[in-house]
Amino acid sequence: MTRNRPSPPAARPPSLPPRPRGGFGRAVLAILWKDLAAEMRSRELLSAMLVFALLVILIFNFAIELAPALRSTITPGVLWVTLAFAGTLGLNRSMAVEKDRGCLDGLLLAPVDRSAIFFGKMLANLVFMLLVAAILLPVYSLLYNINLFRPGLLLVILLGSLGYVAVGTLLAGMAVQARTREVLLPILLFPVIVPVLLAAVRASGGFLQSAPFEQILPWLNLLIGYDVIFLAVAYMVFDFIVEE
Amino acid sequence: MEPRPKLLSLLTGLSVLLFLATLAVVFLYAPLEARMNYVQKVFYIHISTAWVGMLGFLAAAAAGVAFLATKNLKWDIVEVAAVEISLVFFFIAIVTGSIWAKPSWGTWWTWDARLTTAAILEMIYLAYLLLRQGIEDPERRARFGAVYTLIGGLSVPVTFLSIRLWQTIHPAIIGTASAQAQGGFAMAPTMLQTMFFALFTFSVIFVTLLWHRVRLGRLAEKVEQRKLQEFK
Chain A
172 MTRNRPSPPA ARPPSLPPRP RGGFGRAVLA ILWKDLAAEM RSRELLSAML
222 VFALLVILIF NFAIELAPAL RSTITPGVLW VTLAFAGTLG LNRSMAVEKD
272 RGCLDGLLLA PVDRSAIFFG KMLANLVFML LVAAILLPVY SLLYNINLFR
322 PGLLLVILLG SLGYVAVGTL LAGMAVQART REVLLPILLF PVIVPVLLAA
372 VRASGGFLQS APFEQILPWL NLLIGYDVIF LAVAYMVFDF IVEE
Chain Y
340 MEPRPKLLSL LTGLSVLLFL ATLAVVFLYA PLEARMNYVQ KVFYIHISTA
390 WVGMLGFLAA AAAGVAFLAT KNLKWDIVEV AAVEISLVFF FIAIVTGSIW
440 AKPSWGTWWT WDARLTTAAI LEMIYLAYLL LRQGIEDPER RARFGAVYTL
490 IGGLSVPVTF LSIRLWQTIH PAIIGTASAQ AQGGFAMAPT MLQTMFFALF
540 TFSVIFVTLL WHRVRLGRLA EKVEQRKLQE FK
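Sequences listed follow chains A and Y, in order.
Under our numbering, the very last position in the first sequence is 415; numbers go up by exactly one each time.
Under our numbering, the very last position in the second sequence is 571; numbers go up by exactly one each time.
Everything labelled a hint here was simulated from the structure, so no lab data went into it.
Among these hints, one or two may not hold up.
[What the hints assert, rightly or not] A partial selection of chain Y residues facing chain A, derived with a Cβ cut-off under 8 Å:
id	residue
1	Met462
2	Leu470
3	Arg482
4	Ser501
5	Trp505
6	Met534
Since the structure is predicted, the reported quantities are computational estimates derived from the model, not experimental observations.
We treat Cβ as the ideally placed atom computed from N, Cα and C, and that holds for glycine.
Start from the sequences and build out the full structure, keeping to the hints where you can.
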């Protein structure tokens, strides 16, 4: 509201603490940047996720017959199972590093809205998942001789990953504070993420088989609806997760 | 130990009587279904247990929201009680449903929206119990439990919708055609009466069990407090 006052910004008394506009967005970006910078230096998380994802793909090669004729129907399932498994690794790690040396307490002391912490962590997880997907797709395309670079599929990966990390970051925040920790996250996450996986697999399959758009649209709508609902819920309840 | 409330004892007795009466009505009053004979009798139990499972599910979600709003630990006890009852009754509903499905659909299980959603609901509640097991601090346990029931409660309808969408797009799934006729038989008025009587009975049983479980939870809490006082 102060923006509407006629006095120029320079006329602010210097005693007032500097309250930058868009403080929430800046806090979110700061936390995102912190996570990305830490990852740039250690490369722990991303390398683990990537190697794991490639291993899963290899194992699928032995576990199910990826015959050329069936590839376009099985590929979406393989792709999303791989992403989901690699995603839990990343989610666990991203919260565990905060918990281990009391970094989370430090973050909570920061004078920002606590949901900013959530969105920062969530965006970092989203970036990691998309990076894994960005490397997974060409490798998969190469190994199985199927072109996965279709704009529709990329959109599905973005929407699906968003819903996945929205719920995943929240549940990882809970799991990391429990005694069983790493074991707990997939058990908590997978039953509530079923709509995302189902919709993402169906929509990806639709794009890979060049199905008419009207057939894919309901799945995209479902993904968008899920993302919106669970982003809102996570925003509202994150305070209860970190409250001490 | 505090005495059991009179009304609770009354309700317990009433539940037992009503349950026996329901069995009598199901086996003696309700007519024998022409095509499925005695197997059809399981339908009354199936509907009623699924109904109690839904009641428990809704009660747990409501108690979770109430806890987050008030921070009163009594809502946590209600939540656990409702989840445990819902878990058991949904399981009975799934088993009786399978018994029903085998003769009418020719399979114990199909990936129908209701069946799958019920199975996922069971998974969510098992995860819920595992989550609680891993946290010692009662206040934090209650908070996390409430958050998880909230997320679970929201995801279950979305799951149901998504699986139904899947079925409509891919109708070539075993048993879908016969699953459409899930009534499977024309309901005679006496069957309808029997069903509503069974629903009523199981609602009473739900209330009784919930009360017992909440009371048990409160007593357990008291024991914990006593123990803490002993060791101080």
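Going down the list of hints, with the structure as the test:
no. : hint   : in the structure
1   : Met462 : 4 Å, holds
2   : Leu470 : 6 Å, holds
3   : Arg482 : 5 Å, holds
4   : Ser501 : 4 Å, holds
5   : Trp505 : 6 Å, holds
6   : Met534 : 30 Å, violated
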